[in-house]
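Protein chains in written order, with the numbering used here: chain A, 1 to 301; chain B, 302 to 608; chain C, 609 to 1054.
Check the hints yourself; a few may be wrong.
Claimed, not checked - Subject to a maximum C-alpha distance of 30 Å in a straight line, what follows is the list of computed DSSO-like cross-link-like pairs (lysine-lysine):
1. A/K217 x B/K419
2. C/K911 x C/K746
3. C/K746 x B/K358
4. A/K151 x B/K358
5. C/K725 x B/K358
6. A/K88 x C/K680
7. C/K802 x C/K780
8. B/K358 x C/K842
9. C/K749 x B/K358
10. C/K911 x C/K768
11. C/K867 x C/K911
12. A/K151 x C/K725
13. C/K790 x C/K802
14. C/K725 x A/K88
No wet-lab data here; the hints were simulated from the structure.
In this text, all values refer to a predicted model and were calculated from it rather than measured experimentally.
The chain contents come next:
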Amino acid sequence: MALGGSASTALGLRAPRALTEGPGARRAGRAARVVVCLIVVAVFVLPLWSMIATALSSGTSRLGQMQLIPQDFGLGNVETAWREGMGKGLFNSAVMEVFGLSLQLAVSSMAAYALARKRFRGAAAVMVLIMATMMMPDEVIAIPLYLIIGKIPQPFGGGTLLNSYGGLILPLVGWALPIYILTAFMRQIPLELEEAARVDGAGDVWIFLRIIVPLCKPALATCAVFGFLMIWDQYLLPLLVVQSPSLDPLTVVVTSLQSSEELGDGVKLAAATILMVPSVLFYLCLQRLFERGMLSGSLKG
Amino acid sequence: MTTETRAPAPTRTVAAPRRGRGRRALVPWLYLAPALLFFAVFRFWPTAWGIYLSLYKVRPYLGNQWVGADNFVRALHDPALRSAVWHTVVDALATVVGSAVAGFALALLLEGPARLLKLFRTAVFLPVVVSMVAIAELWSSLLFPGRYGAANSVLHLAGVGPLPFLSSPHSALVSVILVQVWKSAPYDMIIFVAGLAGIDRELYEAASLDGAGLLQRLRYVTLPALRPTTTVVLTLGVIRGMRVFTEIYVLTNGGPNGASQTVVPYDYLQATTNNDIGYAAAISTLFLLITVALTLLVQRWRGRRES
Amino acid sequence: MTARGTGTGRRRMTGIVVVSALSAGLLAGCGSHSGSSADSTGPLKVWVRGSGDSLKAYDKIFAAFTAKTGIKVQPYMTLTDFETKLSASASAHSLPDMVIDNASQLGDFESQGIIQKVDASSVPGLSALSPQALSSVKDPKGATYAIPFSAQANVLLVRKDWLAKLHLSPPKTWADVERVAKAFTRDDPDADGKNDTYGIDVPGTTANGYISWWWSSLLWQAGGDYVKSDGGGKYTATLDSPQAISAAQEFEKLACTDKVVQPGMLNDDTTAGNKAFQTGLTGMYLTGPYAFATMDASPVKGKYVAVAPPAGPGGSQTLAEGTSMYLMQGAKTDEAEKLAGFMITPTTQQLGMTAVPTATVVRLPVTPGLNAATAHSDDPRWGLAATVYQKDGHYEYDSLPNWTALRQLTSDDLNGMIAQCAPPAAAMKKLNSQFQAALAAQGVAG
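So here's chain A without its partners, still in its complex pose:
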């Protein structure tokens, strides 16, 4: 029954009434489809679930042994992981997200506004330069990047960006993907909206803030989900920039737990689970807007 609402699915799987064999066959087909769907969902979800289930098992399992149902359910692994500095890591990652993601979205939507809705010389070159960075992974410029972070003075207070939140956050602000997505999305906004406002005497800033940005909400949600994950996933940058463990973000804490010889696999999987939950929750919160952003075709071509 669940799929009954699917009035039109891909390929027009629900053929015109005249061609169908009858209600019985249709129901059987639908049931088969649900079964296939469930298998597919299992392929993608069960591995993640087994991580959670193993993390929630107390009692030691053998190297490489995973559970589908928690054995001797207990929070011991989670508590141990938490005691090993996960709390501080979570805080640092949250700080990176709050400042990094808002800056990233702000800077990207401004750039996208220029690229999508202004005609100017050099626009194509700028686009190429930005897109080229998308293919250059951080790892290949890690050492020079580190050297530069060590040269830039702190915006507030003394010293360089090394071993500071600034050093963890500022290098993440410029990212090509949100610029790409937002530019594509903004190009689809009808010109008339802007022109009408201009006739009323609106300036660029007003148009950008009051017309373009609100209309871009779905695309911004899409960018927020990807941006959140990009920042959440940072490992190499913090590894280089941080010199006192109190600044380590969650990824670094989790990785160093993984190399511990005292802690069991359960604790490591618990740590990985703690690392997984916030990004999943963030996605689920923005899920509706995110999918609207994707469906609106900002990534469609």
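Position chains B and C against the provided structure of chain A, taking the given hints into account.
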């Protein structure tokens, strides 16, 4: 649209005409400035510095030695780098095609406005939003090569195995590719779902009335309409594939016997463990050249397609 | 809405890309040769290569140091990617004041010029340390470049409950090891009715050269060696000697013919190796006595014995390792020397052995007169470890200009040989010529 009727700040209406063309030409650059600043400082500058370092034997405390093109010559003759390039190409192609095909199949299966379908899509999408560090930890456990490892237990039900997965040079790269496909197929699925949703339903109806079967509809209606979507999926996929790092670094560290080593982790290894920053910079520079060439190529190809 | 590529537009675009790349290159050239050294004020920065509970032990030691001298210490510890951090900070001339790392880094650090020569007279107590430990901090010319903090030599851990179940005794020779390993693999020593155990635990990944690190004991037990000294700081590779080939054959027999090594071996590091022994996957593990603490914190506690490494045709030498303190360039030398002197006092050494039960950061003390067994309430395993170290401990060639690279080379080839189960003689021949070439590249080939 209530926004249109609201009165904007009056000062702007006065300011705009007075300054004339010069100011208007400046406007886009003002919007671009913050982004360009960040890109310049944290992307272009390190990249350029890397190019500079590639010409030296880097010895921070003994003074850098100018070696000219030596690092590049060495890179071109480095058999380990050559095999890493080969693995990168294989990995990128297999992952791109694998994810695109799987993503397309998923999209066909799960596209639609029904609530349950939405729920399924959300569930299937989860691997995309999980940190790679967690995914790697998870899969290195699941792919444990012992008889009771999770993946081997499942295979055992089918009467196969146990397989060595990441621990054999013959299957390490394939195993990493499978993990990558698992993580990126749902990403491609969502893009395909967007593409499918944009296809006019009447085309299907018309094709059906003309007696087209399922496969024919797929071939003559769906695939042509999805061509731009496919381009995006493949482009993003190639970008992902070229820069693969964490998956390799955490799952196999390039092993066994270099069987799953790709360019970026190899480059990174030179700069860090082997302490050969100049040589690593040369590899990075070659990587950059290929990247720029590819970007221009794609841009040109898109430009041609659009005109 | 933007201008789309007309012919000229595209050409101009390419031009802009090239010009900006070039000008950025010039910019970088200008900015590259300044460098800041470590702060002359502030706490003493100490980076430790290690993980988990070890940090707690170091914290206690440093707290005692601060209490005594008023000098604050800011430790940073990591195991994964320690080298990454170090080479990055070296390139920025912002090294910490002290690095606590394996003794095997000595030649590498010295040839990079990132460590200071140690003036024995300014570190109190240094010259009184055990000669064996002191030998691990000297370069081929006899100059001291580090201060030893801890030492150890590998011993063999064996599951005694498995031995009892199968009526076997702990192995004393290679032949014993083969027999016991086969029994552990095939005769269900954990009696769970499943074929899920293995005889020997090998951390066989190429990362950090672990596979070579494990195999070196085999090499010396076979009577072989990596190099022979030609005098005058010159060496010749000897990895194609019959002894070295027989060490490779023995490894291959265990891994390929008898298949008594844990699956996953080729990617396993020591963390995974420990885990395999702790969780009852493997029954024998050649490892350092530091593992006693981690094993005893796991279910395998009390179920294993530590015995002397089995003898091969060439004796029973085994890998010895040290933990050393390096004074880095640009360091606050006076304070760092004070800390180093503090770390080798008997009190601190004692603290390092016992402060945190799960992490013996001082394995065997470097200060004479201390007894590891006594420190661990007469634990005979520590007595054994001390004896093995004194009698059969064999350090790697730490002082070669870049031992790390040579070890990596050996690791890559061994890992490849085992992965393909390739003929050992040919593999060792190939390795030997590469090794010789690498020695030449480092300027120490005979």
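The hints, checked one at a time:
1. Between A/K217 and B/K419 the alpha-carbon distance is near 20 Å, which keeps this suggested pair within the 30 Å criterion.
2. A hinted pair counts as satisfied when its Cα atoms are at most 30 Å apart, and C/K911 with C/K746 does not qualify at roughly 39 Å.
3. This hinted pair checks out: C/K746 and B/K358 have alpha carbons roughly 27 Å apart, not beyond 30 Å.
4. Under the criterion of a C-alpha separation no larger than 30 Å, the hint pairing A/K151 with B/K358 is consistent with the structure, at around 22 Å.
5. The suggested pairing of C/K725 with B/K358 holds, with an alpha-carbon distance near 24 Å, which does not exceed 30 Å.
6. For the proposed pair A/K88 and C/K680, the alpha carbon gap of about 22 Å is at most 30 Å, so the pair holds.
7. With a C-alpha separation of about 28 Å, the suggested pair C/K802 and C/K780 falls inside the 30 Å cut-off, and the hint holds.
8. Straight-line distance between C-alpha atoms of B/K358 and C/K842 comes to about 24 Å, which keeps the hinted pair within the 30 Å bound.
9. At most 30 Å may separate the alpha-carbon atoms for a hinted pair to count; C/K749 and B/K358 meet this at roughly 26 Å.
10. As the CA atoms of C/K911 and C/K768 are separated by approximately 6 Å, the hinted pair is consistent with the 30 Å bound.
11. For the proposed pair C/K867 and C/K911, the alpha carbon gap of about 24 Å is at most 30 Å, so the pair holds.
12. Between the alpha carbons of A/K151 and C/K725 the distance comes to roughly 29 Å, so the proposed pair stays at or under 30 Å and holds.
13. Simply put, C/K790 and C/K802 have alpha-carbon atoms about 15 Å apart, close enough for the 30 Å limit, and the pair holds.
14. For the given pair, C/K725 sits about 38 Å from A/K88 by alpha-carbon distance, which is inconsistent with the 30 Å threshold.
When each numbered hint is compared with the structure, violations occur for hints 2, 14.
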